[in-house]
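Undergrad: Fit chains A and Y to the supplied structure of chain Z, relying on the hints for placement.
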Amino acid sequence: MIGRIFNSLAKPDKVPKAFAFAIMLVLLVSLVYSYQLNPEQLYTKPAPQVQIEMAQENVDVSYNLAPYNRGGTPLDPEDRGIVKSQYETGNLGWITAYLTPFSQWLRNISYRFGTTILSHPGGILDEILYYTRGLDTILESTILFVAFTIASWVILNRTEKERKDREK
Amino acid sequence: MSDILNLSGSIIGRILLADIVPYLTPFSLALVITILVFTVFLTLSTPEFRAMIQFKKDVVGTSTVEKKEARFRRFMTILCGVALLGVVTTGDLFNFALFVSLVGVTNLGIFAGVKDSHVLNAAFQYGLVIMICSLPLFGGVAITLARTGTLSMGVLAVIPADPLVNISRALLIIGAIGEGALAPFFATKVEMIRAKGAPYINMMHLSSLMVFTRIIEIIFIMG
Amino acid sequence: MDPVTETIVPELVPQIFLNFYPIAIVVAIIVAVIGFSALILEKNDFQKILVIQIPILAMYFIVSAVGTDLAEALILPGIVVALAELLAVTEILIFREITKKEQKKEALEEFDFDFKPINMEVLKTAIPITCLVSVIYGAILTGFTGGAVAGAGILIYLFTGKISGIPHSFWEEMTGISGVAWCIWIIGFLLLFITPQLWLLSLFMAGAGIIVKVALKLGLLGILGREEYNV
Chain Z
1 MIGRIFNSLA KPDKVPKAFA FAIMLVLLVS LVYSYQLNPE QLYTKPAPQV
51 QIEMAQENVD VSYNLAPYNR GGTPLDPEDR GIVKSQYETG NLGWITAYLT
101 PFSQWLRNIS YRFGTTILSH PGGILDEILY YTRGLDTILE STILFVAFTI
151 ASWVILNRTE KERKDREK
Chain A
1 MSDILNLSGS IIGRILLADI VPYLTPFSLA LVITILVFTV FLTLSTPEFR
51 AMIQFKKDVV GTSTVEKKEA RFRRFMTILC GVALLGVVTT GDLFNFALFV
101 SLVGVTNLGI FAGVKDSHVL NAAFQYGLVI MICSLPLFGG VAITLARTGT
151 LSMGVLAVIP ADPLVNISRA LLIIGAIGEG ALAPFFATKV EMIRAKGAPY
201 INMMHLSSLM VFTRIIEIIF IMG
Chain Y
1 MDPVTETIVP ELVPQIFLNF YPIAIVVAII VAVIGFSALI LEKNDFQKIL
51 VIQIPILAMY FIVSAVGTDL AEALILPGIV VALAELLAVT EILIFREITK
101 KEQKKEALEE FDFDFKPINM EVLKTAIPIT CLVSVIYGAI LTGFTGGAVA
151 GAGILIYLFT GKISGIPHSF WEEMTGISGV AWCIWIIGFL LLFITPQLWL
201 LSLFMAGAGI IVKVALKLGL LGILGREEYN V
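Chains as they are written, first to last, in the working numbering: chain Z, 1 to 168; chain A, 1 to 223; chain Y, 1 to 231.
Bound-form chain Z, shown alone (with noise of 0.2 angstroms):
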């Protein structure tokens, strides 16, 4: 029996179905579970609408960011924003109210800047990525290139074959 099975997955085209298999039964007997979150996470955020509510209370223009702001300047290191990370770094928070002077306008003129799909360098976003957990974006942006450069030497491969195929 087991050896029958065995042999049908010496088939590759076999792999990812018995595969796609056992995660699907992993995860139906996971439902059995009742999943909850841990209220104690990292880098919190607050509840959706909240910041644009407390913006549009405040006359200060520092809560127009919503739903990105988490307060401080950048470069000051008395006034940094709040940052609740995994590893201690001694410069947490120092670049997450960074904005460009495009990016100033539009925050002196409107509540929903953070909503925008205009992103800035800078911001919370890129102090996580490329700060506190830079190594992830390292190896992403490297798993690209792996992937890249193994789709151009396929595609080299073949289009140089077809060349010798017409001088012939």
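Just so you know, these hints were derived from the structure itself, not from any lab.
Heads up, some of the hints might be wrong.
Straight line, CA to CA, 30 angstroms or less: simulated BS3-like cross-link-like pairs of lysine-lysine [said to hold, decoys possible]: (1) Lys115/A / Lys101/Y; (2) Lys100/Y / Lys164/Z; (3) Lys101/Y / Lys67/A; (4) Lys57/A / Lys100/Y; (5) Lys43/Y / Lys115/A; (6) Lys101/Y / Lys17/Z; (7) Lys68/A / Lys100/Y; (8) Lys11/Z / Lys43/Y; (9) Lys161/Z / Lys115/A; (10) Lys100/Y / Lys14/Z; (11) Lys168/Z / Lys100/Y; (12) Lys100/Y / Lys11/Z; (13) Lys101/Y / Lys161/Z; (14) Lys101/Y / Lys68/A; (15) Lys168/Z / Lys101/Y; (16) Lys56/A / Lys11/Z; (17) Lys101/Y / Lys57/A; (18) Lys67/A / Lys115/A; (19) Lys14/Z / Lys43/Y; (20) Lys161/Z / Lys100/Y; (21) Lys100/Y / Lys43/Y.
TA: Relative to the frame of chain Z, chains A and Y by itself:
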């Protein structure tokens, strides 16, 4: 941290630079030395010559990979070695998932350029498996994060066990099996991937071994 | 520290995320099961690649259900890894099909489309303008998003524009530039890491490096598509 100490001995050295938190224990030191020696050995060796005999005809000869192809595969082998170093030393769960993904992609690259439809078919199916694997790997990490509120293995080691973390463990095991091409699903891996260019193919076996060793260690560390 | 700022970033996760988490996970599991059963039933290899995107979608659900800034940052590597693997696996599939056909000694008939675009004025004017707008907008955005937007603009132009040959060497030069951009990005990142005082310089290095990289890569895919039809 106590579990790390129980499992693999005292920590010899560690880097603490934001999320770059690899650590070395006597156990992982042995793995690191194996990987380094193996990678250097594979980098310096030249591709094999495979004997070709056609039956009922007078055709006997050798075939090998082209120089350009050997260079590409050597590059992928070195990258795979670097990724394996990350896998065995990293102290962060999400970085572990990303390193294992990198191992999967480089493994795919090692035999992607072979001009043989049998090998290409196996490579394609393996590619499908490593695509599916993003779900168990990153999903498992995210469930751990949601339940414990941390990704650092040093912190995870002191948190008491939790039934939900078991689900996350099961998902991580399946993810590692897929990316590292491990036994139950890739029981006949050698049959599947009969490509030439022997020394570089061996990297895939080394990566299976290392990913397996490390995932077992991580499962004991979690909780 | 400003007391108002302290109230704006909560100490614990807000109740709304806690309420939504179990629902989100159950939905993700249902989506994943649907995707996997489709994969098990599917026979066509190309369709398999498409179907696998459904479980990957479920992965995004599970990660984003955590609802913190960290989860938002973890989504990005997930998307990029899925994209990269898709890129490599698709090329291998195409190469496999071509090798199979050659072994059968057949001509590549399926790849010879008898394709003639419709002659419409809007196709000539709208495409360059869309391309230009998205490239400029991508340059303003910088960073990864910017690169993706600019690259999409280049792609639109290359896919729909006039077909003309692009030399083989051009491709290799472009790969070289892409590698240099990757180095710039890594150096910018390291500067940010070691000397945070130079944060502005390093952020812009990272932003500029990654925009060149991503845009070039997406653009090169377009060039590849053209070269294939052109051969």
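Undergrad: Now tell me if each hint is right for this structure.
TA: Verification of the supplied hints:
no.	hint	verdict
1	Lys115/A / Lys101/Y	12 angstroms, holds
2	Lys100/Y / Lys164/Z	18 angstroms, holds
3	Lys101/Y / Lys67/A	26 angstroms, holds
4	Lys57/A / Lys100/Y	24 angstroms, holds
5	Lys43/Y / Lys115/A	24 angstroms, holds
6	Lys101/Y / Lys17/Z	25 angstroms, holds
7	Lys68/A / Lys100/Y	23 angstroms, holds
8	Lys11/Z / Lys43/Y	14 angstroms, holds
9	Lys161/Z / Lys115/A	11 angstroms, holds
10	Lys100/Y / Lys14/Z	19 angstroms, holds
11	Lys168/Z / Lys100/Y	21 angstroms, holds
12	Lys100/Y / Lys11/Z	17 angstroms, holds
13	Lys101/Y / Lys161/Z	14 angstroms, holds
14	Lys101/Y / Lys68/A	24 angstroms, holds
15	Lys168/Z / Lys101/Y	19 angstroms, holds
16	Lys56/A / Lys11/Z	28 angstroms, holds
17	Lys101/Y / Lys57/A	25 angstroms, holds
18	Lys67/A / Lys115/A	14 angstroms, holds
19	Lys14/Z / Lys43/Y	11 angstroms, holds
20	Lys161/Z / Lys100/Y	14 angstroms, holds
21	Lys100/Y / Lys43/Y	17 angstroms, holds
Going through the hint list in order, the structure satisfies each hint without exception.
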